[in-house]
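2 protein chains.
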Amino acid sequence: MKLGRLNHIGVATPDLAASIAFYRDIMGASDITEAFDLPEQGVKVCFVNTPGENGTAGTQIELLQPLSPDTAVGKWIEKNPLGGQHHICYEVPDIHAAKAWFESKGKKVLGEPRIGAHGTLIFFVHPRDMGGVLTEIMETPKGEH
Amino acid sequence: MKLGRLNHIGVATPDLAASIAFYRDIMGASDITEAFDLPEQGVKVCFVNTPGENGTAGTQIELLQPLSPDTAVGKWIEKNPLGGQHHICYEVPDIHAAKAWFESKGKKVLGEPRIGAHGTLIFFVHPRDMGGVLTEIMETPKGEH
Numbered sequence: 010m011k012l013g014r015l016n017h018i019g020v021a022t023p024d025l026a027a028s029i030a031f032y033r034d035i036m037g038a039s040d041i042t043e044a045f046d047l048p049e050q051g052v053k054v055c056f057v058n059t060p061g062e063n064g065t066a067g068t069q070i071e072l073l074q075p076l077s078p079d080t081a082v083g084k085w086i087e088k089n090p091l092g093g094q095h096h097i098c099y100e101v102p103d104i105h106a107a108k109a110w111f112e113s114k115g116k117k118v119l120g121e122p123r124i125g126a127h128g129t130l131i132f133f134v135h136p137r138d139m140g141g142v143l144t145e146i147m148e149t150p151k152g153e154h
Numbered sequence: 010m011k012l013g014r015l016n017h018i019g020v021a022t023p024d025l026a027a028s029i030a031f032y033r034d035i036m037g038a039s040d041i042t043e044a045f046d047l048p049e050q051g052v053k054v055c056f057v058n059t060p061g062e063n064g065t066a067g068t069q070i071e072l073l074q075p076l077s078p079d080t081a082v083g084k085w086i087e088k089n090p091l092g093g094q095h096h097i098c099y100e101v102p103d104i105h106a107a108k109a110w111f112e113s114k115g116k117k118v119l120g121e122p123r124i125g126a127h128g129t130l131i132f133f134v135h136p137r138d139m140g141g142v143l144t145e146i147m148e149t150p151k152g153e154h
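Just so you know, the sequences run in chain order A and B. Convert by adding 9 to the 1-based position in the first sequence; the result is the number in our numbering. Convert by adding 9 to the 1-based position in the second sequence; the result is the number in our numbering.
Hints listed in this document are in silico derivations from the structure and should not be mistaken for laboratory results. Misleading hints may appear alongside valid ones.
What the hints assert, rightly or not - Sample of chain A residues at the chain B side, in silico, Cβ under 10 Å:
| # | residue |
| --- | --- |
| 1 | Arg14 |
| 2 | Ala38 |
| 3 | Thr42 |
| 4 | Asp46 |
| 5 | Leu47 |
| 6 | Gly61 |
| 7 | Asn63 |
| 8 | Glu87 |
| 9 | Gln94 |
| 10 | Ala109 |
| 11 | Val118 |
| 12 | Ile124 |
| 13 | His127 |
| 14 | Leu130 |
| 15 | Gly140 |
Ideal placement from N, C-alpha and C gives every residue a C-beta, glycine not left out.
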């Protein structure tokens with residue numbers, strides 16, 4: 010496998026509206042997408058766009074608020090009530106090839122590829138096998154990069 | 010303040026050599042910098058370069074191994090023995106203006122600006138005031154971006 014673009018950092022929050030205000034008013038973000046529900050992952054999501062080099066798009070901050078306490082992110086927030094860094098997401102050209110790669114290396118892929126927040130297939134790999142980092146792998150949206 | 014480039018994600022590890030091998034052999038990184046000691050922060054450090062859009066430099070992964078157990082990162086590893094996401098670092102054009110900005114907003118800046126891993130001035134802001142995210146602010150190296 011070849012290391013892909015660092016698409017986003019997932020940051021969990023107990024209060025999406027407060028986090029959006031924080032990124033806008035304190036961090037100075039001018040480009041924050043509309044929030045939407047992603048019921049497959051049990052979260053409400055929006056993206057803070059950060060500037061990359063030379064006018065390109067940088068790595069996004071994905072703000073995640075649990076839709077209910079009994080979701081994966083809901084349980085994470087219970088242990089980390091302030092919120093914080095939740096996962097790191099890298100792009101790959103082919104999600105099925107990437108799944109086969111991680112599995113061939115003995116890494117625990119969490120479930121089958123499913124549609125993620127960017128509308129392409131994604132999966133997560135268990136942090137235990139990834140240096141403590143919950144890692145999302147997503148197929149690069151067609152026509153991007 | 011205007012949101013700057015997401016320079017790097019700090020990932021702490023109990024074993025830098027093993028983490029370098031992981032990013033090279035599992036994640037497919039081809040560009041990992043030489044490790045060096047940063048005694049001011051109590052860590053040994055190297056950077057995994059990730060690709061940005063259109064051939065630009067992407068957000069880096071900064072691998073951090075504590076130089077001893079009684080450092081800040083050493084204590085963090087004691088609580089998180091696998092390692093994991095430790096901090097997020099954004100660039101600013103002027104470190105002193107950024108410090109004044111965060112302080113004016115009631116955010117706890119941890120110490121005075123000091124030289125960081127990229128050779129420019131940095132400071133950290135307390136995660137309690139930053140949505141649970143330990144946040145590093147660094148002055149953009151001259152001549153970059």
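Results for each hint:
1. Arg14: Holds. Min distance 6 Å.
2. Ala38: holds (4 Å)
3. Thr42: Cβ of A/Thr42 sits 14 Å from chain B, so the hint is violated.
4. Asp46: violated (20 Å)
5. Leu47: Violated. Min distance 20 Å.
6. Gly61: holds (5 Å)
7. Asn63: At about 6 Å, which falls below the 10 Å cut-off, the nearest Cβ of chain B leaves the hint on A/Asn63 intact, so it holds.
8. Glu87: violated (13 Å)
9. Gln94: Given a least distance of 4 Å, the restraint on A/Gln94 holds.
10. Ala109: Result: violated, 13 Å to nearest chain B Cβ.
11. Val118: violated (13 Å)
12. Ile124: It is violated, given that the least Cβ distance between A/Ile124 and chain B is near 23 Å, above 10 Å.
13. His127: Violated. Min distance 14 Å.
14. Leu130: violated (19 Å)
15. Gly140: This interface hint holds because 5 Å falls under the 10 Å limit.
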